[in-house]
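Student: Next come the chains, spelled out residue by residue.
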Amino acid sequence: MKKSINGSTLKKFITLALTFAIVQVLVSTNIINDYIFSTLATICINIILATSLNLITGFTGQFSLGHAGFMSIGAYTCAIITLRNPTMLGFVIGALAGAMLAAFIGFFVGLPTLRLKGDYLAIATLGMSEIIRILFINLDSVTNGAAGLSGIPQFINWGWLFVFTAGTIILLNNFIKSSYGRACISLREDEIAAESMGINSTKYKVIAFVTGAFFAGIAGAVYSSYYYFLEPNLFNFQKSIDILVIVVLGGLGSLSGSVIAAILLALISTYLQSFPELRMVIYAILLIVIMLFRPQGIMGSKELSLTVFKKWTRGLRDKKNGGVA
Amino acid sequence: MPILTVNKLTKAFGGLMAVSNVNIQLKHGELVGLIGPNGAGKTTVFNLLTGIYQPTSGTITLHQNNEDIAIQGLKPYNVCKRGIARTFQNIRLFKDLTVMDNVRIAMNKNTNYNLLQAFAHTKAYSTEEKEILDESIELLKILKLEHKKDELAKNLPYGEQRHLEIVRALATKPSILLLDEPAAGMNPAETAQLTETIYWIKDNFNLTILLIEHDMSLVMKICERIYVLDYGMVIAEGIPSEIKSNKRVIEAYLGEDTENA
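These protein sequence lines map, in sequence, to chains A and B.
Using our numbering, the first residue of the first sequence is number 566, and each one after it goes up by one.
Using our numbering, the first residue of the second sequence is number 77, and each one after it goes up by one.
Calculated from the structure, these hints are not laboratory results.
Do not rely on the hints blindly, as some may be mistaken.
Said to hold, decoys possible - In silico BS3-like pairs for lysine-lysine, Cα to Cα no more than 27 Å straight-line: (1) Lys185/B <-> Lys768/A; (2) Lys217/B <-> Lys768/A; (3) Lys157/B <-> Lys225/B; (4) Lys742/A <-> Lys225/B; (5) Lys217/B <-> Lys742/A.
What you are looking at is a predicted structure, and each value in this text was computed from that prediction instead of being measured.
Could you build all of it, start to finish, from the sequences and the hints given here?
Tutor: Below, the structure is given as structure tokens:
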């Protein structure tokens with residue numbers, strides 16, 4: 566038993582190390598140029614945002630439209646700290662401080678609003694995110710208002726992107742596979758039954774919400790340090806919807822689904838940049854088509870794993886053999 | 077020795093008295109039945125006992141370790157933490173989760189590792205998760221569900237879903253178990269089997285059981301005492317043979333004119 570656990574940990578570690586090394590080589594040899602790297606950065610940021618929103622909406626079943634708000638808190642906090650202290654340490658402190666502050670705000674917003682259900686919660690979180698945006702517009706002295714912050718020191722390279730993205734996925738996956746994660750999932754399935762089985766619904770909703778907000782803050786910090794420019798309107802209602810689209814498309818309750826959808830959507834929208842006038846039309850049509858044929862999302866609530874892959878290839882093989890016979 | 081005392085419990089929905097002035101006492105290790113015609117308020121009593129409804133008036137007292145704990149008005153998860161577990165009349169499993177997860181979720185309240193240990197999957201996490209896994213399998217074995225541990229709960233046959241509800245309730249380590257129509261929809265053979273199981277878990281888990289049931293043969297056979305509810309009031313209380321011949325009970329079930337009953 567123990568050996569197999571070590572074996573799977575080792576496999577995971579090797580996969581991670583390989584992913585990092587291959588991309589690192591591609592970046593150093595300039596096969597991944599600045600243009601491709603910006604897509605890569607978008608993908609990583611969107612993965613962090615989507616997986617963390619998936620924890621709130623997909624796993625715990627709490628419909629939140631305020632993720633851009635938490636992201637903006639992380640982005641502004643990290644930007645303000647790195648502008649005053651433009652060192653690597655400043656960036657790390659900024660990112661952590663941004664995430665903590667987002668989590669803190671998430672706690673105070675979540676405590677009263679998570680009593681609401683469904684649509685009402687969505688409206689409350691949407692309102693929260695708009696309040697944060699308006700605050701950033703009006704806090705001229707700190708955030709430079711609507712003009713935004715520019716010249717934020719850029720510390721994001723592939724190494725940091727990888728650490729933050731892989732770290733988020735691993736930590737969220739660990740959370741979901743724990744007693745805490747199971748409690749969150751049980752709330753999505755049947756809140757009354759869960760409460761009757763000793764699950765404190767408010768506690769676990771708040772934990773999921775705060776955790777989601779924390780990682781949204783991380784995503785914001787990465788964003789600010791990569792794009793070195795921030796303005797409050799980057800984090801409007803549209804941004805929250807964009808993240809939600811990735812989550813729904815990938816599958817509510819599937820981390821790997823969110824990862825796949827984030828990659829897929831970034832690739833589609835990068836490719837469509839060659840057709841600027843039709844870009845949003847094609848993008849929207851694609852979304853409609855995918856949702857029509859796969860309403861549960863790309864992965865449903867399943868996770869991509871080697872066993873699934875094996876089953877799938879075996880299925881294909883069986884089909885092939887059956888066809889021959 | 078009483079373990080649960082319900083005193084003058086009343087629940088009004090607007091002008092409707094769903095439950096009025098109900099007194100129930102459970103002694104340690106008893107198996108008590110709660111019967112009554114449809115709409116008599118049996119499930120409402122369960123919902124009051126487990127905190128899903130807040131009573132309009134009355135008290136529910138749990139006697140544990142020589143302490144009297146008032147549990148009326150507590151949230152369901154707190155009631156569960158005090159040791160009262162239940163099953164549901166209309167099955168409320170976590171349908172899209174596996175059988176194993178259904179049981180493991182019910183063990184949440186007895187899990188000790190903290191949030192950071194969960195994020196980092198530390199040694200405390202793996203040790204305790206292994207215990208949870210082993211314990212779940214032991215519990216599933218009682219109702220012969222262990223070979224179905226990886227199936228989704230919704231794919232189980234109806235009878236096994238009822239069994240899984242019982243296993244899930246046991247996983248919370250209760251001292252009092254409330255069973256809401258455990259034999260509903262089962263055939264006589266399955267009911268007989270269930271009867272054996274209920275006896276077995278009562279003795280092996282040192283439980284006190286309160287049971288709602290429509291199947292009179294089951295109730296009369298296994299219950300030591302029976303409370304009869306009608307229109308939200310207790311109209312009779314006693315051992316099965318007394319209840320069988322109680323005039324008010326027969327009236328409640330068959331109507332007023334009972335010359336031929």
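Student: Which earlier hints turn out false for this structure, listed by number in ascending order?
Tutor: Checked against the structure, the only hint that fails is number 2, while the rest are satisfied.
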